[in-house]
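*Asks:* Going down the list, the sequences are from chains A and B. Taking the working numbering, the leading residue of the first sequence gets -18, the next gets one more, and so forth. Taking the working numbering, the leading residue of the second sequence gets 87, the next gets one more, and so forth.
Note that these hints are calculated values from the structure, not bench results. From the three backbone atoms N, C-alpha and C, an ideal C-beta is built for every residue, glycine too. It cannot be assumed that every hint is accurate.
[To be verified] Below are the EDC-like pairs computed for lysine to aspartate or glutamate, each with C-alpha atoms no more than 16 Å apart in a straight line: (1) A:Lys176 / B:Glu104; (2) A:Lys176 / A:Asp142; (3) A:Lys176 / B:Glu159; (4) A:Lys186 / A:Asp92.
[Stated by the list, open to error] Chain A is nowhere near these chain B residues, computed Cβ spacing over 12 Å in every case: (5) Leu92; (6) Ile94; (7) Asp103; (8) Glu105; (9) Leu110; (10) Asp111; (11) Glu118; (12) Ala122; (13) Arg124; (14) Ile137; (15) Asp146; (16) Asp148; (17) Gly149; (18) Arg150; (19) Asp158; (20) Pro162.
The primary structure of each chain is shown beneath.
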Amino acid sequence: MAFNNRLLRALSPADQETLRPHLRWSELERGTVLVSPDEPIKHVWFPESGLTSIIAMAGTDQGIEVGLAGRDGLVGMPLVLDADRTPHRIFMQVAGVGYSIDGDLFRTVLDNHAGIRKLLLRYVQAYSTQTTYTALSNATHTVEERLARWLLMSHDRQDTDEIPLTHDFLALMLGVRRPSVTIALHSLEGLGFIKATRGLVLVRKREELEEFAGAGYGVPEAEYERLIGQLR
Amino acid sequence: MPRFFLHIDDGTQRIEDEEGSELLDLDAAREEARSAARQLWASAILAGHDIEAHRFVITDNDGRVLETVPTDEALPKRLTGRLGI
């Protein structure tokens, strides 16, 4: 069966067959915590659909999103980098499905299969480019521009134009209060780029949204395509 | 916890808060509106927009208006005095 996860898809057939017997398919509900801060990572996930959010914690129950991964990536990146845990929290922000593999087994596979290891290291590079552009965006862009960027990044990682997101989640993603999200959605809606209804954002004019998002969107995506392959 | 809706009236139309927030009580909702107003002003000033006419309309689950909070409450008193607002 063909994979939807872009990393699994980019592996050679032989490397795919190496991993396949160890992959366990699971449904991932919204809110499922895949990685807890400072706890040993026991499994690595390859999402086939849905979105995971990587959160830098400020204290025990607050934080801001610093990274996004879905079918483009994997969850449990520290294991690729020879680390066993992270201060970040990673959870399902949009429900989906994915494959998991036992963490110890995953490390052994990486030790023995350079093709898999190299691809995943290139993904780490692509992901790190994404986070640097998140830093750029957080420092220089308006809430509207950041929202546009964020919607595009979510849109890239799913097949439909409807993104199931509550304002609460968007506020966490953008590190702002909810009324700022309400106003930003209203602005993008006024420009005709999106349609926002309760818990759902419909992307209507993708190209215009890209133009609006400016420098925050495009470079990390091009970098992903250069290093891994097709993102969308 | 009760759910409060912080709609934004921009002087010509009401931007609906469709989802609302769970907050302890009306005081907490008022405080949330004030904090949000500070953030809205900060963004507005950076973008060169005037949001003087904006106000928060706080409603309950049944759509009853509980309170209206002008966003200029967030501005420092010295500033509003000087502007004659």
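*Asks:* Next, verify each hint and record whether it holds.
*Replies:* We went through each hint and held it up to the structure:
Annotation: proposed proximity of A:Lys176 to B:Glu104 holds, straight-line Cα distance about 13 Å (limit 16 Å). Between A:Lys176 and A:Asp142 the CA atoms are separated by roughly 10 Å; this keeps the pair inside 16 Å, and the hint holds. Between A:Lys176 and B:Glu159 the CA atoms are separated by roughly 31 Å; this puts the pair beyond 16 Å, and the hint is violated. A C-alpha spacing of about 45 Å is found between A:Lys186 and A:Asp92, which places the hinted pair above 16 Å, so the restraint is violated.
Not every Cβ of chain A is farther than 12 Å from the Cβ of B:Leu92; the closest lies at roughly 5 Å, contradicting the non-interface assignment. The beta carbon of B:Ile94 sits about 6 Å from the closest Cβ of chain A, which is not more than 12 Å, so the claim that it is off the interface is violated. With a least CB separation of 5 Å from chain A, B:Asp103 falls inside the 12 Å interface cut-off, contrary to its annotation. A cut-off of 12 Å between C-beta atoms contradicts the statement that B:Glu105 is not in contact with chain A; the least separation is 5 Å.
The Cβ of B:Leu110 sits about 16 Å from the closest Cβ of chain A, beyond the 12 Å cut-off, so the non-interface label holds. Separation of B:Asp111 from chain A is adequate, the least Cβ-Cβ distance of about 17 Å exceeding the 12 Å criterion. Listed as outside the interface, B:Glu118 is inconsistent with that label: its C-beta sits roughly 7 Å from the nearest C-beta of chain A, within the 12 Å cut-off. Distance to chain A contradicts B:Ala122 as a non-interface residue, since its nearest Cβ pair spans about 4 Å, not more than 12 Å.
Not every Cβ of chain A is farther than 12 Å from the Cβ of B:Arg124; the closest lies at roughly 9 Å, contradicting the non-interface assignment. For B:Ile137, the shortest C-beta to C-beta distance to chain A comes to about 9 Å, within the 12 Å cut-off, and the non-interface label is violated. Every C-beta of chain A lies more than 12 Å from that of B:Asp146, the closest at about 16 Å, which supports listing it as non-interface. The claim that B:Asp148 lies off the interface holds: its Cβ sits roughly 17 Å from the closest Cβ of chain A, which is beyond the 12 Å cut-off.
Under the 12 Å C-beta cut-off, the non-interface status given to B:Gly149 relative to chain A holds; the minimum distance is some 14 Å. Against the 12 Å criterion, B:Arg150 stays outside the reach of chain A, whose nearest CB is about 19 Å from its own CB. The Cβ of B:Asp158 lies farther than 12 Å from every Cβ of chain A, with a closest approach of about 15 Å, so its non-interface assignment holds. With a closest Cβ-Cβ approach of about 19 Å to chain A, B:Pro162 is found to remain outside the 12 Å limit, as its non-interface label requires.
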